[in-house]
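A.B. asks: Could you slot chains B and C onto chain A? The hints should help.
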Amino acid sequence: MKELKLMKGNEALAEAAIRAGCDAYFGYPITPQSEVLEYLSREAEKRTGMVVLQAESEVASINMIYGGAGCGKKVMTSSSSPGVSLMQEGISYIASAEVPCLLVNVQRGGPGLGTIQPSQADYYQSVKGGGHGDYKMIVLAPSSVQEMADFVSLGFDLAFKYRNPVMILSDGALGQMMEKVELQPHQERSTELLQEWATVGRTPDRDSNFITSLHMQPEQMEEVNIHLQNKYKLIAENETRVECVNCDDADYIIVAYGLVARVCHNAAQLGRDKGLKIGVIRPITLSPFPTDYISKASEQVKGILDVEMSAGQMVDDVRLAVNGKKPVEFYGRMGGIVPTPEEILAALEEKLVGGK
Amino acid sequence: MAKVKGDVVIDIEVCKGCELCIVACPTDVLGKSKQVNNKGYQYIVKVKEECTGCESCALVCPDAAITVYRKKKQAV
Amino acid sequence: MEEKVMEAVNAEENICVPENLIYQRPETLLDVPMHYCPGCAHGTVHKLIAEVIDELDIQGKTIGVAPVGCSVFAYQYLGVDFSEAAHGRASAVATGIKRVMPDKYVFSYQGDGDLAAIGTAETIHTCNRGENLLIIFINNGIYGMTGGQMAPTTLPNMKSTTSPYGRDVQTMGNPLVMTDLIKQLPSVYYITRQAVNTAGNVRKAKKAIKKGFQYQDLNKGTSFVEIVANCPSNWKMTPLQSNKFLEDQMFPYYPLGDIKVPEKEVK
Numbered sequence: 011m012k013e014l015k016l017m018k019g020n021e022a023l024a025e026a027a028i029r030a031g032c033d034a035y036f037g038y039p040i041t042p043q044s045e046v047l048e049y050l051s052r053e054a055e056k057r058t059g060m061v062v063l064q065a066e067s068e069v070a071s072i073n074m075i076y077g078g079a080g081c082g083k084k085v086m087t088s089s090s091s092p093g094v095s096l097m098q099e100g101i102s103y104i105a106s107a108e109v110p111c112l113l114v115n116v117q118r119g120g121p122g123l124g125t126i127q128p129s130q131a132d133y134y135q136s137v138k139g140g141g142h143g144d145y146k147m148i149v150l151a152p153s154s155v156q157e158m159a160d161f162v163s164l165g166f167d168l169a170f171k172y173r174n175p176v177m178i179l180s181d182g183a184l185g186q187m188m189e190k191v192e193l194q195p196h197q198e199r200s201t202e203l204l205q206e207w208a209t210v211g212r213t214p215d216r217d218s219n220f221i222t223s224l225h226m227q228p229e230q231m232e233e234v235n236i237h238l239q240n241k242y243k244l245i246a247e248n249e250t251r252v253e254c255v256n257c258d259d260a261d262y263i264i265v266a267y268g269l270v271a272r273v274c275h276n277a278a279q280l281g282r283d284k285g286l287k288i289g290v291i292r293p294i295t296l297s298p299f300p301t302d303y304i305s306k307a308s309e310q311v312k313g314i315l316d317v318e319m320s321a322g323q324m325v326d327d328v329r330l331a332v333n334g335k336k337p338v339e340f341y342g343r344m345g346g347i348v349p350t351p352e353e354i355l356a357a358l359e360e361k362l363v364g365g366k
Numbered sequence: 281m282a283k284v285k286g287d288v289v290i291d292i293e294v295c296k297g298c299e300l301c302i303v304a305c306p307t308d309v310l311g312k313s314k315q316v317n318n319k320g321y322q323y324i325v326k327v328k329e330e331c332t333g334c335e336s337c338a339l340v341c342p343d344a345a346i347t348v349y350r351k352k353k354q355a356v
Numbered sequence: 151m152e153e154k155v156m157e158a159v160n161a162e163e164n165i166c167v168p169e170n171l172i173y174q175r176p177e178t179l180l181d182v183p184m185h186y187c188p189g190c191a192h193g194t195v196h197k198l199i200a201e202v203i204d205e206l207d208i209q210g211k212t213i214g215v216a217p218v219g220c221s222v223f224a225y226q227y228l229g230v231d232f233s234e235a236a237h238g239r240a241s242a243v244a245t246g247i248k249r250v251m252p253d254k255y256v257f258s259y260q261g262d263g264d265l266a267a268i269g270t271a272e273t274i275h276t277c278n279r280g281e282n283l284l285i286i287f288i289n290n291g292i293y294g295m296t297g298g299q300m301a302p303t304t305l306p307n308m309k310s311t312t313s314p315y316g317r318d319v320q321t322m323g324n325p326l327v328m329t330d331l332i333k334q335l336p337s338v339y340y341i342t343r344q345a346v347n348t349a350g351n352v353r354k355a356k357k358a359i360k361k362g363f364q365y366q367d368l369n370k371g372t373s374f375v376e377i378v379a380n381c382p383s384n385w386k387m388t389p390l391q392s393n394k395f396l397e398d399q400m401f402p403y404y405p406l407g408d409i410k411v412p413e414k415e416v417k
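Protein chains in written order, with my numbering: chain A, 11 to 366; chain B, 281 to 356; chain C, 151 to 417.
Isolated chain A, as found in the complex (with noise of 0.2 Å):
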């Protein structure tokens, strides 16, 4: 049965945790992102009994979560890009111990306090491993509000499945903007997922369960990290997702994902309008990155423009999967500006078209 609502994004995200059977959300008040926290404060505990709880700081919470989660327990916690900086020792905890949990990063402009408009500028933080080591989450990035709700039991499944952090990595404008939501229905509250790894406390048919990133021989800290490269592969095998809209005649290609990959549907549209043939694919796994798909795409396009609410970091990646095939240009705007579908165009044919 469909249940349509009009619902902020942030609040449709919160709407689904609780559909989701989310155990408990730990989190901090941070703008463009408060309503998650005041939104499952409301309406949580009551409806499912799941745990909410105001930490005192993103660092504090991102532990909590660390605690949690390594009871196999759903949790999640939400913040925006500030607060997510303060979570990266928490996050490189997390991906070492292997303990699956669900972040969300409503991103705002940076750096530093910065402002409380969209950004797109904590790609790199997300898809390369903000904090120590090497490690990697899974990053989703919706670009409405209706993905902002479907990733939320997504997430919650790609995080049990591998035993890894998920981050749906969406920004200010997605959070705060109201659309038309189609709800899941509600899924039971798994208490007792009994995960065999968690601390759940020890029955005697087994050695105690430790959750932990210690490994002092290097031996060993080299084995846990062929084991995490190797699931790393593997979940660039089975779950990297794109989305790709008239790229099959295209002489132009526009990568670009989250809210600003609207925009590029509009610019697209427009080039069209005018004669020119342009596509536009949009990564829904950030990391994965759809590398293999940007990299055949190429092949049988003039050329390719990477547009991003920043200075340019994604197209790193849409470069590294071109490899020099076609020329790849880039088009961004930073602090909280959201590029317009004109701007794009003009970027495109200026850029890659006027260059004949």
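Some hints here could point you the wrong way.
As the list claims (entries may be wrong) - Mimicking DSS-like on lysine-lysine, the simulated pairs with C-alpha atoms at most 25 Å apart in a straight line are: (1) 414(C) to 319(B); (2) 285(B) to 326(B); (3) 386(C) to 314(B).
Derived by calculation from the structure, the hints in this document are not laboratory data.
Source: prediction; values computed, not measured.
C.D. replies: Below, chains B and C without anything else, positioned relative to chain A:
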């Protein structure tokens, strides 16, 4: 009157020879060995038989190396 | 059979038989050598935790949180499920565990650097929320694992590798007495300061730790058990000298005893 007699068994490979038990013992039963264990520690040994089984040595032992026995024996 | 009886009569009687056993290594303390220096209180406190877990028969219901510091490997010695926290975050990790597993016994085991320096905020707020768990605080006034640097609890004029001329309170501040901070918080149920330097103190410390576990049944708030401990290696003393230093220097600054007790004691 019942006479209490105790005894201790020291796991000499676990013992680090810290001597906390020696000073804890009210009847000076324990002393240091001239030998060392596999880790190179001069471990603790019983040097007298006056153990009362009071547990003091075992309580202060950081390595839980001491097991204590105590028997209530009828006086002859 | 006959021969054995003869032996017992004739020779020194062997009383080391199971029926006379009164004290042994607790089951929860795993049968592996601990890495702690000779005479270090960590081993003694680990042993007490294990004894309490055995006596309460809660091995299957206990989840521990280890800190960063010398006791980072606590999980290798105590046979219960364990989470190894980042430096300073043990109380937050314990909060996360207890909130999703409220019927389990949860304790964090933290040193002075972990609990009173880098993790001060987590400690205060965990106590202020009255999280229903036990915090065991090992205060030896020095950073052990990193090699003897100054801790927030280092005594005035006490030497460390980063206060080589003694802690100058003018520039380095005074020792932080954590119990003074948290005793202000109404949500803390039980605060005590103990030591394990003598057999008598070991018995008292064990009782305190036991209460910290038992109080979790009542769901009345946080229990905080501080153990004023020695660090022979980094104090550059023998174990016996370090225990003397405890009595002469540490206890006057950190007096032993209960600081906040519940109005009605539980049995």
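A.B. asks: Decide, hint by hint, whether the structure agrees.
C.D. replies: Status of each hint after checking the structure:
1. 414(C) to 319(B): Measuring from Cα to Cα gives roughly 48 Å; hence the hint is violated.
2. 285(B) to 326(B): holds (14 Å)
3. 386(C) to 314(B): holds (24 Å)
When the structure is compared with the earlier hints, a violation turns up for hint 1 alone.
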